[in-house]
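Protein chains: 4
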Amino acid sequence: MSSSIGTIFRVTTFGESHGSGVGAVVDGCPSMLELSEGDIQPQLDRRRPGQSGISTPRDERDQVKILSGVECGVTLGTPIALFVANGDQRPGDYGDMSNIPRPSHADYTYRMRYGIKASSGGGRASARETVGRVAAGAVAEKWLRREYGVEVVAWVSSVGEIEMTESPVSQIGRALVDTTPIRCPQISVAEKMIKAVEDVRDRGDSLGGVVTCECRGLPAGIGEPVFGKIEALLAQAMMSIPAARGFEIGSGFSCAHMRGSEHNDLFEMRDGRLGTETNNSGGVQGGISNGETIVFRVAFKPPATIGLPQATVTYDGVPVTLESKGRHDPCVVPRAVPIIESMASIILADLALKKN
Amino acid sequence: MSSSIGTIFRVTTFGESHGSGVGAVVDGCPSMLELSEGDIQPQLDRRRPGQSGISTPRDERDQVKILSGVECGVTLGTPIALFVANGDQRPGDYGDMSNIPRPSHADYTYRMRYGIKASSGGGRASARETVGRVAAGAVAEKWLRREYGVEVVAWVSSVGEIEMTESPVSQIGRALVDTTPIRCPQISVAEKMIKAVEDVRDRGDSLGGVVTCECRGLPAGIGEPVFGKIEALLAQAMMSIPAARGFEIGSGFSCAHMRGSEHNDLFEMRDGRLGTETNNSGGVQGGISNGETIVFRVAFKPPATIGLPQATVTYDGVPVTLESKGRHDPCVVPRAVPIIESMASIILADLALKKN
Amino acid sequence: MSSSIGTIFRVTTFGESHGSGVGAVVDGCPSMLELSEGDIQPQLDRRRPGQSGISTPRDERDQVKILSGVECGVTLGTPIALFVANGDQRPGDYGDMSNIPRPSHADYTYRMRYGIKASSGGGRASARETVGRVAAGAVAEKWLRREYGVEVVAWVSSVGEIEMTESPVSQIGRALVDTTPIRCPQISVAEKMIKAVEDVRDRGDSLGGVVTCECRGLPAGIGEPVFGKIEALLAQAMMSIPAARGFEIGSGFSCAHMRGSEHNDLFEMRDGRLGTETNNSGGVQGGISNGETIVFRVAFKPPATIGLPQATVTYDGVPVTLESKGRHDPCVVPRAVPIIESMASIILADLALKKN
Amino acid sequence: MSSSIGTIFRVTTFGESHGSGVGAVVDGCPSMLELSEGDIQPQLDRRRPGQSGISTPRDERDQVKILSGVECGVTLGTPIALFVANGDQRPGDYGDMSNIPRPSHADYTYRMRYGIKASSGGGRASARETVGRVAAGAVAEKWLRREYGVEVVAWVSSVGEIEMTESPVSQIGRALVDTTPIRCPQISVAEKMIKAVEDVRDRGDSLGGVVTCECRGLPAGIGEPVFGKIEALLAQAMMSIPAARGFEIGSGFSCAHMRGSEHNDLFEMRDGRLGTETNNSGGVQGGISNGETIVFRVAFKPPATIGLPQATVTYDGVPVTLESKGRHDPCVVPRAVPIIESMASIILADLALKKN
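First to last, the protein sequences are chains A, B, C and D.
Counted from 1, the first sequence has number 303 at position 303 by my numbering; the numbering is strictly sequential.
If you count the second sequence from 1, you need to add 1000 to reach my numbering.
If you count the third sequence from 1, you need to add 2000 to reach my numbering.
If you count the fourth sequence from 1, you need to add 3000 to reach my numbering.
What the hints contain is simulated information worked out from the structure, not anything from laboratory work.
Bear in mind the structure is a predicted one, so any value in this text is a computation, not a measurement.
Incorrect hints may appear among the rest.
[What the hints assert, rightly or not] Simulated crosslink set (BS3-like; lysine-lysine; CA at most 27 angstroms straight-line): (1) B:K1355 - D:K3355; (2) B:K1065 - C:K2065; (3) B:K1142 - B:K1065; (4) B:K1142 - D:K3355; (5) C:K2065 - C:K2142; (6) B:K1142 - B:K1355; (7) D:K3142 - D:K3355; (8) C:K2355 - C:K2142; (9) A:K355 - C:K2355; (10) D:K3195 - D:K3142; (11) C:K2355 - A:K142; (12) A:K325 - A:K195; (13) A:K65 - D:K3065; (14) B:K1355 - D:K3142; (15) D:K3325 - D:K3195; (16) A:K355 - C:K2142; (17) A:K195 - A:K142; (18) B:K1325 - B:K1195; (19) A:K142 - A:K355; (20) C:K2195 - C:K2325.
Working from the sequences, and respecting the hints, build out all of it.
Next up, the structure:
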């Protein structure tokens, strides 16, 4: 029962990495929203592996098909089923590992939970599961944009030791983000990141990173205390993304070092409404939007699949050296960008619809 | 509809800071669990303000009463209603601020969401709301302990710039945690933390901090991918606590700097079962427990209520200097310790009950 | 997790018949609704036993207390906790039956479900559980009335073999319903019903009956296909009331005998909107309100507690003659009237809030 | 958000009558269940129109495809997506009615709810929506059978004025039910029913009926009071089926005429466990199964689509005579049989999984 998220705008995803396909059902999208596959495909294309030399070379075409809920280009208010066929299935690639739980993968835990796991690839634990999220998120995003003019933009702010030092423009947009395959909008830094990823890739290793996301234009008054606070639901959504290890909003972990007198966001009058001079709150106070930009960051671990040999044990405890021959993604953060945008959109659409 | 959390073990909290009282209904606790108020009171006492000079001097007695669901000291499987009367209501203390939204408080956002807010104090946005969570969490914790021997222990690992440098013992227990009022088990560091809190308190300021939590003894195989992953639900639960700004599990944000070859947790045979040599995963792989200790951290901002004057504006945008005379807690992290333990217990009990 | 109903307007009830008390938490009631205990008490008084010689003589005072969610007579948008203390606990009355599962009671099934049941009385299976529903329903009803002018009125339409033959007025109101203790608004029939109940009571027996309910003034367009259809959720709500055995809407079971040409509700223009000439649909088409009055009926079995001796067996299968000395209600339908009104109000409020 | 039902075994359906197809996602089915399309197809074939001269001649092939959640013939514990393409789309058939809300159809109410409806056919209000339910129900049924040996069998017990008078055998099975296209297992009565349906069909009219369903073999102790009582959730599930107007369990509406002394089910020892001599309770006491057969009935109205002219009005209130030329089903009850079996299986599987 845990492949659904949201209450009013409710998304259910399905599909394993090596079955017929992956997808989602969006139940509760308002009617009368113009929607076509063309609204969804761009984000799927951004999520798709094989976009550059620094991501996995699998070419998943990922053409989305709307199976229901839309007629004559308009949503009906009924469930929108979205499907993407799995085109590139090569189960053999992972063949030798059936008796070896891959370190820091979900092989062992899935077996402990379900007594079985998809025989090849990551099954439901694969990053391919996020296809359904991205498709559903594109629907949420379209509605948010139409309804409030909300804009959701994420980018890579750090890879390994290399961090973005400043924002190149006042408001980063997706075009700028996509300038380089690493999706860091500060181009000089992006180049160093790409170099770092290429380095670990060439050594058969992988690298972690951080994605920053901004949600702009959400009006004040959205959020559902106490367990449906914006930051709580964003945290759930982000931490449910494969490889996510940390979430922070506004000042985040750095708030721990601060004093109240420097952290508090003083109010000011701006454009005829109350705004705050600073945004340490990340756009949220008491779990409810205050009209400022919502800013959060998500940390991703280095991908667990590496080419280097690993001294581990089989399910039976027999020591073994594991050497993976599968296709690897040395750094997931560039592809996490549209996933994060999508999950943020789903959460915000759901919360916005709860405020009636 | 957002004051409930959990699916099978479902907790609904209620109550404002200045009404009759606060509490929770625990729906779905298994029957035949021995339970009395004595199982709940200790954690409420740990949460209570006024325990020392470094927390707010309000003396809330917080005596819990079990209103239903228990008979002859045993749970019936029916909803357990828990109630704590509000003994110390002094609405006048906050009187002058009715036209001034307090910076980084929820006054403004509650008004935007609900068109109204509790006339005095924080209402539902007050830390007092957590009383219901702690009471419910004590029930969850008792069940987890009986069922699996799970032990949940949290402590303060940083306050302001002062960080715990090492664990004083192999397994930190609550008694050690409670040695000092700051609840940092490394006593030499604790003393520095207390000094730091006293310093900001004396200046009318406040300080942030970080709490670390360990959940030990949970068997492998618990967790509900993809949106009910352990880390996702823990993140929601923790980020729903007032003043929480960041959540991380296992290696957390530091994972972003790491390579896969150093981050991967290699398997080994230990005590007749598969264990991992390191625990960068924080006890969770693919959203499911792997039998290792679950470790996570939560960052808390410095409390928004400070004694220093703040240059802000009224709801109408008129500049004003706000000086608070209310009772302040200069640093919430010591009191956050039992709240975090409680929320973790609720999440884990719910997930454990989902694995049938 | 099953003591909650509703999604947006979410009601969680708690309490056993012989514990401290019973109550409910209403989470999701819109803010800014004027509400006091005086809005709730009248329906609790109508539900209360001991109102007349034909219901159980237990005098439960049932004074409701609002514990949270309301300040200065106005809802805050936060959870509204409602509590009614149990004043009249006489566990001894049911004492001898601990080893005998009472026929057609829930003693046996609760033991099979929970391994335990409340040691005396019906525990959570008692009609006393409905106190929380009625209190919560009064809140829902008040909101529906303010928001749409909705009026919900139920009455007893049959008791045993005696059936109401016609409506005495065009629109039955609660005052007329309450003219007699049996709550049948056709007074001549009511007198026969009272006589029938007195007859079975004097013989130590009990009698079943049917309650009819009308919800007037709900605008067209409310209802959530496919599983949240009005009739589906009303059916769940009504069949969850103790002793309910049947539910029907509009033409109900009699529709099975009809042809489409006589059953179809032809449209007509009325008061500037589309109405239907007949109302076989009971105000609902495709699960969504059509603006006509919603009409449904609920059948209740004769109460299982009777004074007559019953030849049954103990839990161990030993034949035994059971003679109950407890307090009995020979016919529950008059007291079911406010319970049905309350459950209908909860369902309709929740559905109305889902249409944003 | 209302196209999902169930909590642990959670079914989400999607699809309109004239889109690409219809289907369901089953989230929460236990892993390690042998499952193939061959387990699902038979019930879809029984639901399919065009099986005989007395149902609509549309030939919907309804071949189900499992898109996810199953590998090597075994469930993985992950969401099972089921899809049935719509093969026979003839939007033109309903063409002339775009400005006329069809009487007792959902055209008007969908427009009021969503501001739009599928341009042709019933869209989501069509009986075709039940394809997803039946596919999902077949999965639930298979699990219930494996886990408990549960058998769910439904049949037509009345059509118009013609009622089944007795059960031809002690336990009715599906083979017997399917002996005639009307699905009444008492063959002499079935013939009269068929004649009655042919009569109304030839006159361009339609007829209502009742389906009886038995669920055998469910152990005692399943059911989740108070709002998740078996009869409450069965009622919701059944009343959500298109054209359902009434639900009753056990003695049902006839209980209203009975005295407690005749209605109570006395216990007896049977096969080493407690059973009841009679089954007026329909296998459920206090919302929990007692180990007896669960028996309930569902009343269906005559289909709203008829060939006879109807004097109604357009959306604008202009009087008009509506004559339908579409394909009609003169009596839905035979095809409702597998739908009812499926919905019952979904509810019981979900409740069984809640008892951990």
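Open item on the list: Would the hint linking K1325 (chain B) and K1195 (chain B) be met if the CA-CA limit is 27 angstroms?
Closed with: 23 angstroms, holds
Open item on the list: Next pair to validate is K1355 (chain B) with K3355 (chain D); report whether the Cα-Cα distance is within 27 angstroms.
Closed with: 11 angstroms, holds
- [ ] Given the hint that K3325 (chain D) pairs with K3195 (chain D), test it: the Cα-Cα distance must not exceed 27 angstroms.
- [x] 23 angstroms, holds
Open item on the list: Please verify whether K3142 (chain D) and K3355 (chain D) have alpha carbons no more than 27 angstroms apart.
Closed with: 18 angstroms, holds
Task: 27 angstroms limit on alpha-carbon distance, applied to hinted pair K355 (chain A) and K2355 (chain C) - done: 11 angstroms, holds
Task: Hint consistency between K355 (chain A) and K2142 (chain C) [alpha-carbon to alpha-carbon, up to 27 angstroms] - done: Judged against 27 angstroms, a Cα distance of about 20 angstroms means the pair holds.
Task: Given pair status - K195 (chain A), K325 (chain A), alpha carbons within 27 angstroms - done: 23 angstroms, holds
Open item on the list: Run the distance test for K195 (chain A) versus K142 (chain A): straight-line Cα separation, threshold 27 angstroms.
Closed with: Violated - the C-alpha atoms of K142 (chain A) and K195 (chain A) are around 35 angstroms apart, more than 27 angstroms.
Open item on the list: For a C-alpha distance cap of 27 angstroms, please report whether K2065 (chain C) and K2142 (chain C) respect it.
Closed with: 17 angstroms, holds
Task: Pairwise hint evaluation, K2325 (chain C) against K2195 (chain C), where the allowed Cα distance is 27 angstroms at most - done: The given pair, whose Cα atoms are some 23 angstroms apart, holds under the 27 angstroms limit.
Open item on the list: Just to be careful, I want the Cα atoms of K1065 (chain B) and K2065 (chain C) compared with a cutoff of 27 angstroms; is the pair within it?
Closed with: With a Cα-Cα distance of about 16 angstroms, the restraint between K1065 (chain B) and K2065 (chain C) holds, given a limit of 27 angstroms.
- [ ] Decide if the proposed pair is consistent with the structure: K142 (chain A) and K355 (chain A), CA atoms, cutoff 27 angstroms inclusive.
- [x] Status holds; Cα separation ~18 angstroms.
Hint compliance for this structure: hints 10, 17 are broken, all remaining hints hold.
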